[in-house]
Amino acid sequence: MTREERHHVLVKPLRIFAALMALLTLTILYAFVPGLPFKTEAGLGIALAKALLIALLFMQLKGASGIVRIAAVAGLVWAGFLYVLTFADLLTR
Amino acid sequence: MTETPEAGLLAREPGERNYLTDGTTVRSWLLTTDHKRIALLYAAGITFFFFLGGAAATLIRAELVTPKGDLLSADTYNRVFTLHGVIMVWFFLVPSIPTTLGNFLLPLMIGADEVAYPKLNLFSWYLWLSGGLLTLFALLAGGVDTGWTFYTPFSTLYSNSHVLLAAAGVFVAGFSSIATGINFLATIHLLRAKGMTWMRLPLFAWSMYTTSLVMVLATPVLAMALLLVFAERAFGMPIFDPRSGGDPILFQHLFWFYSHPAVYIMVLPAMGVVSEVIACEARRRVFGYEFMVYAMLMIALIGFMVWGHHMFVSGQSPFASLVFSALSFVIAVPSAIKVFNWTGTLYRGQIRFSTPMLYALGFVGLFTLGGLTGLFLASLPVDVELTDTYFVTAHFHYIMVGGSVSAFFAGLHFWWPKITGRMYSETMGKFAAVSMFFGFNFTFFPQFILGYMGMPRRYHEYPPEFQPWQVMSSTGAVVLAFAYLWPLFYLTWSLVKGPRADDNPHDATGLEWQTSSPPPTGNFNTPPVVTEAPYGYHPQGFAPHSAAPTEQAQTP
Amino acid sequence: MTDTALQKPWADAERQRVATQFGVWMFLATETLFFGGIFLFYTVSRIENSAGFMAGARHTDVWFGSINTVVLLTSSLTMAIAERAVRIGAVPLARAMYFATIALGLCFVTVKGFEYWKDVSEHLLPGRDFPIAQTGASEFWAFYWTVTVVHAIHLTIGLGIVARMLLIPRDQLAARWTTAEGTALYWHLVDVVWVFLYPLLYLAGR
Amino acid sequence: MMEQASTLAPQVDRIFWMLTGISVAIMLLVGTLVLLFSFRYRRGTSVPRGPVPEKLSGEIEIGWTAATLFVFVFLFWFAAALDTEQFKIPKHAMEIHVVAKQWMWKLEHPNGAREINALHVPVGVPVRLVMTSQDVIHSFFVPAFRIKQDVLPGRYVYAWFQASKIGTYHLFCTEYCGTDHSRMIGGIIVQSAADYARWSSAQPQGDNLADQGAKLFVQMGCSGCHGGSAVVRAPNLAGVYGRPVPMTGGGFVTADEGYLRDSILMPQKQVVAGYAPIMPSYEGTASEDDVVKLVAYLKSGKVK
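Residue numbers (numbering that gives the first Met the number 0), protein chains in the order written: chain X, 0 to 92; chain Y, 0 to 555; chain W, 0 to 205; chain Z, 0 to 303.
A couple of the hints might just be wrong.
[As the list claims (entries may be wrong)] Distance condition first, Cα-Cα at most 25 Å in a straight line; then the derived DSS-like pairs of lysine-lysine:
#1 K301(Z) - K54(Z)
#2 K54(Z) - K105(Z)
#3 K90(Z) - K67(Y)
#4 K111(W) - K193(Y)
#5 K214(Z) - K105(Z)
#6 K118(Y) - K7(W)
#7 K100(Z) - K164(Z)
#8 K164(Z) - K87(Z)
#9 K105(Z) - K90(Z)
Honestly, the hints are just simulated from the structure, not real lab data.
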């Protein structure tokens with residue numbers, strides 16, 4: 000294994016992993032320290048950050064070709080239709 | 000390994016190699032990854048389910064001849080109409096055109112030698128078949144009585160029938176749908192022949208693209224809805240149960256998020272078929288090709304945002320109803336564009352009234368009427384009156400049966416020579432096409448009147464004032480049943496005794512007509528290169544092969 | 000960089016790679032909508048029965064949840080290393096990492112098993128003995144059981160797919176790097192779903 | 000023509016027939032063009048067949064797209080306008096409680112008269128329906144009135160009509176509800192004011208709904224906590240109906256029928272600010288009929 004290969008195969012994933020662990024610690028702390036506002040939002044926000052790290056870096060969406068990225072985003076956009084229109088009912092009942 | 004009997008029949012000449020003769024063992028069919036063979040496997044399956052669902056329809060129409068429930072008990076009747084709906088929707092209409100004509104033609108039309116994931120294609124047939132068998136088992140075990148809509152809390156807490164088995168069957172078949180959709184999307188994106196740009200794709204390929212989008216993005220939500228029904232019914236998880244704070248309307252949102260777009264899964268492929276047939280038989284370029292493409296894309300997209308028009312009386316909020324009503328009117332625009340463009344394609348054509356053309360013209364008429372009655376159901380106060388009555392039944396049968404099934408038959412006849420290498424009897428075909436059109440209208444037009452008079456859906460017994468229209472509808476159903484059975488007879492005959500078809504009997508322009516009939520296993524002997532837009536039919540004069548072999552076909 | 004094992008109908012490695020990625024990502028998009036359906040149930044129920052729903056949520060065991068989050072994130076790391084190792088032809092490292100991934104996956108399932116056992120012993124399975132009276136609490140637990148079982152099934156399928164990578168003969172593994180990419184994508188998705196489940200199940204109402 | 004027996008019916012019919020007119024016109028247009036082209040351009044005729052100029056076909060395309068969009072937007076507006084008007088339920092409407100179950104309709108008049116699968120109403124008086132289901136989803140459909148509303152378990156839903164013509168009209172269940180769905184039908188009997196009064200007074204005399212509710216309020220022990228001199232601290236319910244109630248955890252909820260119902264059957268769902276969530280659920284103790292009576296009592300203004 001060359002130096003570059005080692006960097007690519009081991010060092011980079013380990014750094015991402017370290018970031019994930021840091022985020023996990025943060026989310027636990029935020030949830031259990033009493034009196035902090037927006038707990039749900041914070042929990043989901045940190046989950047989103049973790050998911051983005053995994054998707055962009057572990058799953059290499061960052062360097063993927065255009066159609067692959069479109070495929071990845073399509074699910075979220077369509078889930079958006081489901082949520083927005085269901086809440087158009089639910090929140091105005 | 001045994002030789003299948005068809006092998007000898009289907010070879011054009013002794014020793015000729017095509018996809019039908021290339022491997023003749025049962026194993027070579029059941030383990031095939033050839034998209035053309037998989038198309039035939041599906042064709043066998045959906046033919047079975049179509050006639051099974053049709054048998055249920057026959058029972059329903061027979062029962063409804065009289066106002067009293069004298070043929071079937073109430074429970075049996077409920078099981079029969081559920082069977083009819085479940086089988087026809089998931090095991091006939093949704094897979095019908097995509098998995099048979101689509102599987103067969105899509106790679107051929109774009110100049111590819113396979114679909115993107117051949118093994119996944121075979122796997123999806125097995126998934127679909129398992130789903131079908133599970134559902135069939137539910138039927139044999141005593142049936143399901145929830146209606147194809149599986150509304151909670153009836154399906155989860157009150158029904159005494161085999162809901163779990165049927166839901167599991169539909170769940171599994173859903174994944175087959177997803178697999179087919181992913182396969183087609185990747186095929187179109189990645190396997191187009193050289194020169195086959197997006198705006199040179201035949202409209203049937205575009206219709207497969209948009210259908211696949213809907214399949215891939217809608218079906219998972221149905222799968223989850225059914226899974227939640229399963230969890231509530233089988234394991235007592237309080238999910239939609241109002242006694243625990245659950246919301247039965249949530250199920251309806253999840254269900255219709257799939258089931259309204261599913262209507263477009265059924266009708267978009269039909270639009271693709273009809274565009275191909277009309278362009279070829281009128282010898283014209285499709286009028287407004289680009290508009291046709293964008294119309295289909297709009298239908299696929301906006302189709303996801305209109306599901307709430309099934310729920311105007313469900314107890315959803317008035318605000319949501321207004322939003323869904325407005326969006327439902329918007330989606331009528333691209334549908335109207337398509338109808339106008341088919342009409343425009345006929346203008347200045349060289350129209351030949353072959354069997355596929357008669358079916359296709361029938362589609363245009365029935366789809367237009369079906370679409371226009373959709374406007375009634377998009378209008379809030381009128382929908383309140385008409386929803387869950389026979390008006391709705393008539394409306395969606397016009398779209399899905401009058402429309403999609405006519406188009407399926409149009410495509411089946413149009414590509415029959417390519418698929419089987421044989422010609423069918425043109426006389427018989429025209430007779431069937433005309434009977435289907437009249438039989439259909441005879442059966443379903445009276446149901447608009449019944450609905451307007453207030454006759455509710457899914458009624459085993461009904462007040463006597465509705466009887467004349469019900470009798471008329473049932474009489475029409477006899478004609479319709481004949482029109483569906485008749486092709487089974489002459490098409491089977493053509494397999495055995497039909498004259499050999501040449502490679503391009505309709506003198507059509509698509510790439511699928513440039514290979515032999517039936518095509519070789521690898522589709523093309525040399526990879527095709529595309530140099531011009533589709534539908535390069537000559538605007539003037541006769542087509543070179545005007546004495547098409549279709550007119551010389553033997554009658555049995 | 001080694002040769003690529005090409006599969007029908009692809010003509011070159013790059014095309015096959017795009018095909019694998021596109022196919023798997025399309026599937027992951029369907030998974031987004033699949034789980035989107037049950038998350039919608041969570042959201043609706045939490046809004047409609049907010050107090051009871053949160054009261055139910057407070058009964059989950061944050062220790063089990065957190066340990067499993069660490070386990071699953073680590074398995075994503077081993078999977079990422081394995082995939083990259085296949086790409087450069089470091090077969091022994093790749094195989095070791097696949098073994099590690101499977102071990103971590105099994106560890107997750109085991110911890111989940113203990114957690115289920117504890118939940119059942121506290122009667123947290125909705126039914127007659129369910130201890131929390133507030134409306135909405137049993138809705139939360141219906142979500143908990145359904146979604147974790149569905150997730151566990153995904154994870155089990157993932158274990159099978161990873162095991163399949165180990166069945167590929169050593170000398171052919173490097174050429175199957177597009178398969179390795181597809182496998183990794185699936186495994187990471189199972190992880191991403193859990194990343195969202197974690198705050199919804201274990202941190203809600205604290 | 001369908002019978003028009005409510006004030007709503009002619010308005011709905013106006014839209015219906017307008018839609019029918021537009022549909023027939025479009026059908027005729029498409030049908031004529033298809034037949035005309037099919038005849039004129041059938042194979043073998045010698046008529047001019049040059050290509051359609053690109054620009055012209057583009058303009059035609061944009062033209063009919065715009066035209067259909069315009070027509071459809073107009074139709075939406077026209078139909079939605081009536082619908083929004085229909086949301087305004089007249090005040091002082093006569094109130095009928097509807098409880099649906101597999102497979103019958105139970106209807107209760109404000110004076111306590113009860114009917115099954117039949118409803119007597121006076122002509123020309125607005126009637127408000129407060130509906131719920133004991134089991135699955137049903138749907139209350141009176142074709143002659145052009146009204147339909149799904150009746151849901153666990154929730155109150157509302158509909159209203161004003162009958163305009165004396166006669167007997169069908170009542171159908173239009174949401175599939177199991178075995179005898181098609182027998183879950185009944186009749187709406189619209190009578191003149193005098194006939195209705197006669198019918199009403201001939202009913203077995205009992206307490207009206209609110210008074211029955213008042214009795215239940217004591218029998219079921221509600222008054223033990225919610226009564227004026229109660230020891231346990233619970234919200235006083237005098238005049239609660241229609242008022243905004245502050246909630247634990249912030250926000251207000253208007254105390255409509257649905258809220259009162261939920262507070263009896265699922266008391267922990269929405270707890271009034273400043274009170275402990277100690278009230279037991281009456282799920283299984285109070286039937287939907289009982290709840291109807293209790294709610295009628297709470298609405299009556301007789302609560303002290």
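Results of checking the hints against the structure:
For the given pair, K301(Z) sits about 76 Å from K54(Z) by alpha-carbon distance, which is inconsistent with the 25 Å threshold. For the given pair, K54(Z) sits about 66 Å from K105(Z) by alpha-carbon distance, which is inconsistent with the 25 Å threshold. With a C-alpha separation of about 42 Å, the suggested pair K90(Z) and K67(Y) falls outside the 25 Å cut-off, and the hint is violated. Distance restraint check for K111(W) and K193(Y): the Cα-Cα separation of roughly 52 Å exceeds the 25 Å cut-off, and the hinted pair is therefore not satisfied.
Annotation: proposed proximity of K214(Z) to K105(Z) holds, straight-line Cα distance about 21 Å (limit 25 Å). With a C-alpha separation of about 10 Å, the suggested pair K118(Y) and K7(W) falls inside the 25 Å cut-off, and the hint holds. About 29 Å separates the Cα atoms of K100(Z) and K164(Z), which puts this hinted pair outside 25 Å; it is violated. Of the pairs offered as hints, the one joining K164(Z) and K87(Z) holds, with about 22 Å between alpha carbons and a cut-off of 25 Å not exceeded.
Proximity of K105(Z) to K90(Z) is assessed by CA-CA distance (about 24 Å); at most 25 Å being required, the pair is judged to hold.
The structure fails to meet hints 1, 2, 3, 4, 7 from the earlier list, while all remaining hints are met.
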